[in-house]
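J.: Please build the complete structure, drawing on both the sequences and the hints.
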Amino acid sequence: MSAHATHHDEHHHAPGFIRKYVFSTDHKMIGIQYGITAMLFLAFGFYLMMVMRWSIAFPHQPLPEWMSWCFSDGWKARWLQDGKVTGETYNMFGAMHGTIMVFLGIVPLGFGAFGNYVTPLQIGAPDMAFPRLNMASYWVYLAGGLVMCASFFMESGAAKSGWTNYSPLAGFADGQIVNQWLAGQTQWLIGLVLLITSSLLGSVNFITTIINLRARGLTWMRMPFLVWAMLVTAFLLLLAFPPLEAAGIMQLMDRVAHSSFFMPSGLFTKTEGLADLSGGGSPLLFQHLFWFLGHPEVYVLLLPAFACVAEIIPVNTRKPLWGYKSMVYSVLLLGFLSFIVWAHHMYMTGMGAAVSTFFQTTTVLISIPSVVIITAMLISLWGGSIRFTPPMLWACAFIPMFGIGGLTGLPLAFNLADLHLHDTYYVIGHFHYVVAPGILFGLFGGVLHWYPKITGRYMSSWLNHLHFWPSLICMNIIFFPMLLQGMAGFHRRWYNGGDAYLDKATAATGDGGNVFANTVAQHIDMNILMSMGAWTLALAQIPFIINLFISWKTGRKVESDNPWNATTLEWATPTPPGHGNFTFEPAVYRGPYEYSRPDSEQDFIPQWEKPRQSSPAETKPSVH
Amino acid sequence: MEIPYIVTPRKDTGLFNSKIAIWLFLASEVMLFGGFFSAYVFLRLGADFPWPERTLPVLPGLINTFVLIGSSVTVVFAWASLKMGKWRHFQIYMGITIACAALFMVLKAIEYNVKFHHQAVRLTDYTVVEGHLGYEKENGEYVLNHHGSEVEENQIRIESGGLTFSTVRYHKPWVEEILSQAAHRNAEIKLAADVTARTSEGGNQDTLIAKAGEPLSLELLATIQKAHLKARAHNGALRTASLREEWKKTKAENPGKRGWQLASDVNIDVKALEEAGKLLTEISTVSFTVTPPVRLDFRPRDVREGETQSRLRDDTVIDGKLLPSPMGFHYVDAIDFRHLAMKAVNKGLDPIAAVENSWLIQNHTFAREAWEWNKAQVAKLEADLLKDHGVNEETGKPNREPTAKERYRIDWKDFVAMSDGVNRGEGKIALKEEFMGPDYKGREAKETFPMHFDLPREQVRFASKFTPAWNTYYALYFTITGLHGLHVIGGALVLAYYLFFGRKMFNSNPEWLANRVEVGGLFWHFVDLVWIFVFPIFYLM
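Those sequence lines, one after another, are chains A and B.
The numbers in my numbering rise by one with no breaks, and the one at position 371 of the first sequence is 371.
Just so we're on the same page, my numbering is the position in the second sequence counted from 1, plus 624.
Where hints are given, some of them may not hold.
[To be verified] Here are the simulated lysine-lysine pairs, DSSO-like style, with alpha carbons at most 30 Å apart:
| no. | chain 1 | residue 1 | chain 2 | residue 2 |
| --- | --- | --- | --- | --- |
| 1 | B | K854 | A | K20 |
| 2 | B | K1052 | B | K1004 |
| 3 | A | K84 | B | K881 |
| 4 | A | K84 | B | K895 |
FYI, nobody ran anything at the bench for these hints, they're computed from the structure.
T.: This is how it looks when you write it as structure tokens:
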């Protein structure tokens, strides 16, 4: 404690409702705010996808009332044609689905919510290093999200050029809108700049907190894996996002100042004729800057899920995390390599064989640390006495589901195979396996794991089963056929699911002159199965929502402050932790996963428990 | 609760919190500006037009460089003064730092402002003409737009007889502009025909929404828009319900068949809906007549002009003859053939012949005279370079040759030298002109610059002020220096906060204030460092 402790104690009084629940500077409340907001955005993004899946499965039929009741007639008249989803609307929903899920849903849930709530507790800090900055980070994020989504109700509609927002397509979109500041495409960029500002504030705060606010005795190699993962995530956000911010600002200039950063010479469009622009810009430049963020972003999504799973597994196997050190080094290497793989998204741009080869090599390299981590998690299960608690169910499903997602990525890493698979449903299947049954399952596990600490009550196991099993099945029903459709050549942006390519006269009989039409005909019925899966998946989330809110008041109460008998510092706090977190000054005496030590009677030794005899073996971090 | 290590460093890391944070923040800033500098390299290497080298006035940029370096020194002095507990010295040094920031921004603002008024045009043959546009006059008075500002001689002029607005998309300020221009030219804009519509379900009689001859107004358009949107929403809901019904029926009739096999047979029975009087009238456009037909002016970016019909970006259709709409230059201050020469070389043509065949030289004496003067200057320069640097013995070519800029660009300083009767680079330029551009009024007597010059619209390929729109060089220049300027302003505000509101903390906890100033100073050094990169790449290279 520093000399001016007295100076601050004057201000120490119970905060009012607004300071406690709305403009809170407490990392735990901010974490909860992030979590709830992110889940609302996830639900919204999911809804957009449900509408898209209708258009894919039943392109000629009007949107059913159970999906369209939330729109006004005026809105429907503008964006639906006789109730059917138009190509333009599909593009709008698609672009916003991606944007919302990535930037407004999963990153804030993984990094914003779990990072904020758990990290300071696990390192024994009273709060983040800069609590007010932390609050600002949340509110800037919310503003960014609202700005993006508000454009759904503008004349222009929301952004409709894909979540990647490639120029020159994005440069021309909404070009007919006179006041460009009120065009969805511009609002998307403004929202993006706000989100980047938010994650800049957040990541600076996280890294400073982890470096400077660790409890006494918490050396680097005694940090729980979650803290490592959050540290690397923060560095990715800190360093990878700014080039996208640069790209966003340049694209904004292209829109409002009519510059040509990303607009090549001689552009001609049907609506505008020869573009009234200087030209001389480079669309490829945008792709480079976008993917310089875009690929590390994948790891920003993934690492918090890894982190949750890595915390859940040792607790529920009563066994140390296998290969903790290799996992730490792998996650660092993963963070580094993720900066030099970005152009594997751009094999089709004609950037040259040498460049492609370089990025192909680094992409194959990056699979090594990922596989080390996932393998370490798998081996951690071996020989453990596994307790299938609700969080453990999700963690166990995470490993194979993420495994499918990761392995299906390998063919995409090779540019020869990518030529065929690029921009097909295979790609969609691949990264949705990573993100949906992978990352989201890990995060669901995290919610169940820390819920007792946040509320003092367990979530219902019964409702969790009702949530988990249908989710697991539906996820596979949705995404596995995508891999098959993709290999057959289904393009990812067909708003009618391939219907336009059917040769109606011959497809029914299965033989006709048009080979592609036959291929489409063979695979098009999967669309209905996948869409049904998606809507059922929506139903399967209802038990979770009920569980989340009901358990807050009626869940089974925890028996102690450490209900899972875990070893890391967050379980040393009162339940729920008060402002300032710890009732004693935490000190750490050992590594993070000391389970089932043969020299101990208890099957776990918490990090904060003082060694009874000062035997040198116990004060050193234990390595397994 | 107390956050540790705000004032005193943590022992094992040796750092206090905000110091870690500022270094992380600066790392992020490096990546941000790194993104922009990569864009600079990428766009410059890939440019398909002659990159404007050394095109900005160096002197203001050079002064700014020293101003910023000076302020970086004084901010360190300010920090040191705090460490020594000398508040007065801190005030002086921090005051100088902030004054430097202000001076920097003033010079920057002058630089920007000069460019925002400077016009450039790329002709269809890629000749570039630079200068200033005149302002339109009628009856000896300047023409004003509806904001009351003068109208530049760069307008698409249309003898407008009729206007058709899109009821959903019409842009209010443009309607106001049209009304104001018509009033100025004593014309009336009236509704061409009665607007009637069925506004409620079942009504057999159409309601009169607006009578023919009613004058154009925003209120009228708003009324029609409201009726249209209501009808569109109503009809949409009806059609959707009907289509749903049709699908249900068709599916029941064809069990086992798939959606795409039935799609072509499922149609809404629009006729039935109409006969039942259920559909309301949608009024998507509304037409007005202009009596008598008068000239209306539109900014080139807002309009797609056609011989007899033009269209604004908000879907307003203007019926009427396109009038000659030249760009009126009032002083041309540079002629540039580099782009034209580059295109000629790419096609394997002789660049000199291409220049001499260009529309500008063929049609305008001033351009021809300037070109002849320039040719003589280039010949002289070639001879001088040959004399000074000799010939490469292996290739037999001269070691040094005039640059493309020297060969093909005649800028305002050359016009000055020409009228002074001296060689290139020897004309008398006043210091003020170095900052603000040529003094046209002062040089009028000597007829240094071509006075009025009308550029026919069909010769214009692309026109813009010297703004980000002109080319990627200016886009980068404005974006990077603009962002840097925002950093200067932000940094100066933070430092000014320490200066004006730091006294209380100085009394209670001087170390904490010193930490803050140190962190602010680190940021200030970074802002300086960015400029050290910006200055050479934009002003010197």
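J.: Tell me if the straight-line CA distance from K854 (chain B) to K20 (chain A) falls inside 30 Å.
T.: Between K854 (chain B) and K20 (chain A) the Cα gap is close to 45 Å, so the pair fails against 30 Å, i.e. violated.
J.: Could you grab the alpha-carbon distance between K84 (chain A) and K895 (chain B) and see if it respects the 30 Å cut-off?
T.: 20 Å, holds
J.: Is the Cα-Cα distance between K1052 (chain B) and K1004 (chain B) 30 Å or less?
T.: Roughly 20 Å separates the two Cα atoms, so the pair holds.
J.: Do the alpha carbons of K84 (chain A) and K881 (chain B) lie within 30 Å of each other, as the hint requires?
T.: 20 Å, holds
Hint compliance for this structure: hint 1 is the single one not met.
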